[in-house]
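Single-letter residue listing:
Protein chains: 2
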Amino acid sequence: MSPEPLAFLVDVKVEAPSASDKAADTDRLAEGFRNKGFDDVQIPLHIMRRLPEELRRNGFDVRLVVGHCGQGYRLLDVGKERIYGIAVDIGSTNIACSLFDLTSGDKMGTAETENPQISFGNDVLTRVQRSMMGEFEALKKALDEGVNLAIEEACKGHGVATEDVFAVTIAGNTIMSHFFLGLGVKNIPMSPYVPAVNRPVFAYAGETGLLVNKNAVVYVFPNSGSYVGGDIISGILSTGVHGEDEPVLFIDVGTNVEITLGCRDWIMVGAGAAGPALEGGVAGIGKKADRGTISDVKIDKLSGKIETGVIGDIEPHGICGSGLISLVSEMYTAGIIDQAGRFTGTQNGISEKDGVKMFLLHSSGSGELYLTENEIKNFLLSKAAMFSFLYVFVRSVGLTFRDIKKIYVAGALGCGIDTEKAINIGMLPDIPRERFIPVGNSSLSGAEMVLLNRDLLNEINEIASRITYREMNEDSELMSVLQGAMFIPHTEPEILKG
Amino acid sequence: MSPEPLAFLVDVKVEAPSASDKAADTDRLAEGFRNKGFDDVQIPLHIMRRLPEELRRNGFDVRLVVGHCGQGYRLLDVGKERIYGIAVDIGSTNIACSLFDLTSGDKMGTAETENPQISFGNDVLTRVQRSMMGEFEALKKALDEGVNLAIEEACKGHGVATEDVFAVTIAGNTIMSHFFLGLGVKNIPMSPYVPAVNRPVFAYAGETGLLVNKNAVVYVFPNSGSYVGGDIISGILSTGVHGEDEPVLFIDVGTNVEITLGCRDWIMVGAGAAGPALEGGVAGIGKKADRGTISDVKIDKLSGKIETGVIGDIEPHGICGSGLISLVSEMYTAGIIDQAGRFTGTQNGISEKDGVKMFLLHSSGSGELYLTENEIKNFLLSKAAMFSFLYVFVRSVGLTFRDIKKIYVAGALGCGIDTEKAINIGMLPDIPRERFIPVGNSSLSGAEMVLLNRDLLNEINEIASRITYREMNEDSELMSVLQGAMFIPHTEPEILKG
Chain S
1 MSPEPLAFLV
11 DVKVEAPSAS
21 DKAADTDRLA
31 EGFRNKGFDD
41 VQIPLHIMRR
51 LPEELRRNGF
61 DVRLVVGHCG
71 QGYRLLDVGK
81 ERIYGIAVDI
91 GSTNIACSLF
101 DLTSGDKMGT
111 AETENPQISF
121 GNDVLTRVQR
131 SMMGEFEALK
141 KALDEGVNLA
151 IEEACKGHGV
161 ATEDVFAVTI
171 AGNTIMSHFF
181 LGLGVKNIPM
191 SPYVPAVNRP
201 VFAYAGETGL
211 LVNKNAVVYV
221 FPNSGSYVGG
231 DIISGILSTG
241 VHGEDEPVLF
251 IDVGTNVEIT
261 LGCRDWIMVG
271 AGAAGPALEG
281 GVAGIGKKAD
291 RGTISDVKID
301 KLSGKIETGV
311 IGDIEPHGIC
321 GSGLISLVSE
331 MYTAGIIDQA
341 GRFTGTQNGI
351 SEKDGVKMFL
361 LHSSGSGELY
371 LTENEIKNFL
381 LSKAAMFSFL
391 YVFVRSVGLT
401 FRDIKKIYVA
411 GALGCGIDTE
421 KAINIGMLPD
431 IPRERFIPVG
441 NSSLSGAEMV
451 LLNRDLLNEI
461 NEIASRITYR
471 EMNEDSELMS
481 VLQGAMFIPH
491 TEPEILKG
Chain U
1 MSPEPLAFLV
11 DVKVEAPSAS
21 DKAADTDRLA
31 EGFRNKGFDD
41 VQIPLHIMRR
51 LPEELRRNGF
61 DVRLVVGHCG
71 QGYRLLDVGK
81 ERIYGIAVDI
91 GSTNIACSLF
101 DLTSGDKMGT
111 AETENPQISF
121 GNDVLTRVQR
131 SMMGEFEALK
141 KALDEGVNLA
151 IEEACKGHGV
161 ATEDVFAVTI
171 AGNTIMSHFF
181 LGLGVKNIPM
191 SPYVPAVNRP
201 VFAYAGETGL
211 LVNKNAVVYV
221 FPNSGSYVGG
231 DIISGILSTG
241 VHGEDEPVLF
251 IDVGTNVEIT
261 LGCRDWIMVG
271 AGAAGPALEG
281 GVAGIGKKAD
291 RGTISDVKID
301 KLSGKIETGV
311 IGDIEPHGIC
321 GSGLISLVSE
331 MYTAGIIDQA
341 GRFTGTQNGI
351 SEKDGVKMFL
361 LHSSGSGELY
371 LTENEIKNFL
381 LSKAAMFSFL
391 YVFVRSVGLT
401 FRDIKKIYVA
411 GALGCGIDTE
421 KAINIGMLPD
431 IPRERFIPVG
441 NSSLSGAEMV
451 LLNRDLLNEI
461 NEIASRITYR
471 EMNEDSELMS
481 VLQGAMFIPH
491 TEPEILKG
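Order-wise, the sequence lines are chains S and U. The UniProt record's numbering puts the first residue of the first sequence at 1, with every later residue one more than the last. The UniProt record's numbering puts the first residue of the second sequence at 1, with every later residue one more than the last.
Pulled out of the complex, with its shape left as it was, chain S reads as follows (with noise of 0.2 Å):
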């Protein structure tokens, strides 16, 4: 059998009552029900009312709607000739969505759109705390828009009316898939981290702010605590980290740095902050990855030539993470800057100005786009982070980076980043290139796959149940390697190869 999404369309025909048959209705379909094989389909009251006239329009041969809603099935709507799913991933910074033909399986299209909780901080913190003072609803609503702004243009873009949405799958951090459920979100950052609730919760939309099918069944992502939420099991779902016979790597960086270790035996998260965000958190010119952003950076050693590569090919307006990675790792094979970042010369347009210091990436009539010794100091924490949490995470284990197979790398550093620069500026591990596998956006992958296959909502509470948690800036380790992470590659370079 092919894998059954979580809504699916089901043809059931039954005979016509008649003098020897008089079944009412409802236990007619029910009866049907059980020749197809579903034991047991709920049918509320508001399509029973509408059940006989339905059966009669349609010579008793319906087609239907059914939704699996976490211990058994419902009937949703009844004469739907097709129907859609969204597969949503919420992130602190962005919201993310696919959506799906449910009855052929097919990926239509995706959208995405800024999280408007920005407008209340860029900082999940800060948003709890305004939450705490009162904002909870505004920011309840504020995430809503959002999203279905997000399911709304990736349903216009291809002619599909929500109303005919009838399963969404929602994948995104402890807080945000609290903010999403209006579920409290003050207790997840505060000792002892006790959320409101760890394990899936099944909704139909009309229960929450989605603007689709009120009926339609809401899947949201178990949590494993506080600081691991639904994303990185989904995320773990989506790369098959649970399914390896030895142990590899995912790691998802955003604002938190978000580490797997694991294989079929066990599953390790950790998480800490990593400093400033690579994109807008790092520099003024530093911007999510979308057209007009440079994600990619040459400089010539010779010459100091810099050719940009842009999103796009328009005029740049700013750059994105990998982008930065680009950057700074030719910074310093060009010499510009030191192993501390410093910049080593006022050559190569640097230029100073009220006593910054800055370096000139890029200049045009409509601006120019320049990077701060500071801003590159910034960055230099952020990856030192990154590395250390990595570098003290395995060794935890009693492994060393050689020891991994596969290095699933996600999030901000999952599109388009250049492995070898990474390595080069000491931001991920020295081992063979081939290990690194780029897997994008794995928490709206992981979405995706259980939207098409409740099969694997067992399979998610699997992994839910198997991870442990570690936190990460606790450890004493920790400090040391992080102090010469800071610099380019790191103070002990022997120590990124394990």
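Simulated from the structure, these hints should not be mistaken for laboratory data. Glycine included, every Cβ here is placed at the ideal spot set by N, Cα and C. Don't take each hint at face value.
Each computed DSSO-like pair below joins lysine-lysine, with the alpha-carbon atoms no more than 27 Å apart [stated by the list, open to error]:
#, chain 1, residue 1, chain 2, residue 2
1, U, K13, S, K186
2, U, K186, S, K13
3, S, K186, U, K80
4, U, K186, S, K186
5, S, K80, U, K186
6, U, K186, S, K22
7, S, K214, U, K22
Just some of the chain U residues that point at chain S, by a computed CB distance under 8 Å [said to hold, decoys possible]:
#, residue
8, T26
9, L45
10, I47
11, M48
12, L51
13, Y193
14, A196
15, P200
Chain S is nowhere near these chain U residues, computed Cβ spacing over 12 Å in every case [claimed, not checked]:
#, residue
16, D11
17, H68
18, M133
19, K288
20, D296
21, K301
22, T308
23, T344
24, K353
25, G365
26, Y370
27, V397
28, G398
29, D430
30, T491
Given chain S, work out where chain U should sit, using these hints.
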């Protein structure tokens, strides 16, 4: 274990979270439920949202309202100290309900109100026709208003907030149940007689029109077809027909005569139009038994003096069903009417007005109560229908009245009927008087039983599945018995014994 009601309170105490126990609030509560023996309690989103605060405010020791919802349990509310339940019998003419304290199981009171649908037609078929002509919603609304009025009255009388009612059981005939659930009724009285639903329906008050706590569980008795509704099944449950070793009879007389004959091994139900209804339908002075209706009549054979027993001992304004039986029996015994129900002379208060002969039953300053010859005919038609149905029904399974050890009498005849007089006019069979057992509103009694004991849910399904329906009006023997039964007591009196 004592019987458990459909909704009940459970005190759950869980450990407070600590550094070594970071289970989420919902998961923690679910575990608490498991420890209490409830394996899987649905925790809906609206409760999850309140849970963190409720748990902490009460030191992780909370009182929960749990409801049985068909295939499992569901958390309905948190923090209620006492909860209440309502059992409802929706009759075509009257709506009766009882209020229970679900914590103690005590019956607190009852309330009764006329079914406001009567303004659309006394006859249920008229209401079905009007609903087919676009008045369904108006009929549904009228019924809701009646049910809510009865519930409100019952609650108000005992200082109970309707918001604290968490379980409602509903017994009614198939058409009443359908109106209540908002299910179309047009196919019920039309060949091949297929209701929208026969199996029991579990809903939440918010889905129905009930003005109690919107999360209250609502249980609607199953039907066994168009003509055997939840009211009969509820009556069977309360009389215990389904548990008898030997066949017993259970007679419910309302607009229809409904007869149940059965025992542990089989249950047969027959129904047929009972001619004009015993009360309002028979006579202009006919009234529902209530304060001021005559329920008993004595006529002195010699003097012709009439003594009336009036409910509430006040000036009478009408006569109820049992009063009519009493009156006709006395008139016959006193020789005022003959076997055919015709006045034997003009003596004894018989008068004539515009060619209509009538009998003066009562006279006072506020008016006079007359019964016409034609009304007596109507009454005899009803009693004939009832007796004939009984006779044919019992004979059809090879039994005679003598074989029947118990006859439960419910409905219009259920309270206050003078068995001797009913036998005297040939309405009930002439068997030992102690075999007649009045059971009042047996439909309401059954609804009360399941409200307080959810173990009966299976028993009810069992009853529903064992019922065979027998269409009475199509019986060939019926007509010949019916013709004789139009006389008092019958043209062939030996038939009355079996």
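Hints and how they fare:
no., hint, verdict
1, K13(U) / K186(S), "22 Å, holds"
2, K186(U) / K13(S), "22 Å, holds"
3, K186(S) / K80(U), "25 Å, holds"
4, K186(U) / K186(S), "54 Å, violated"
5, K80(S) / K186(U), "25 Å, holds"
6, K186(U) / K22(S), "15 Å, holds"
7, K214(S) / K22(U), "34 Å, violated"
8, T26, "4 Å, holds"
9, L45, "5 Å, holds"
10, I47, "11 Å, violated"
11, M48, "6 Å, holds"
12, L51, "6 Å, holds"
13, Y193, "6 Å, holds"
14, A196, "5 Å, holds"
15, P200, "11 Å, violated"
16, D11, "21 Å, holds"
17, H68, "15 Å, holds"
18, M133, "16 Å, holds"
19, K288, "31 Å, holds"
20, D296, "43 Å, holds"
21, K301, "52 Å, holds"
22, T308, "47 Å, holds"
23, T344, "48 Å, holds"
24, K353, "50 Å, holds"
25, G365, "53 Å, holds"
26, Y370, "45 Å, holds"
27, V397, "21 Å, holds"
28, G398, "24 Å, holds"
29, D430, "36 Å, holds"
30, T491, "35 Å, holds"
Hints 4, 7, 10 and 15, counting from the list given before, are not met by this structure.
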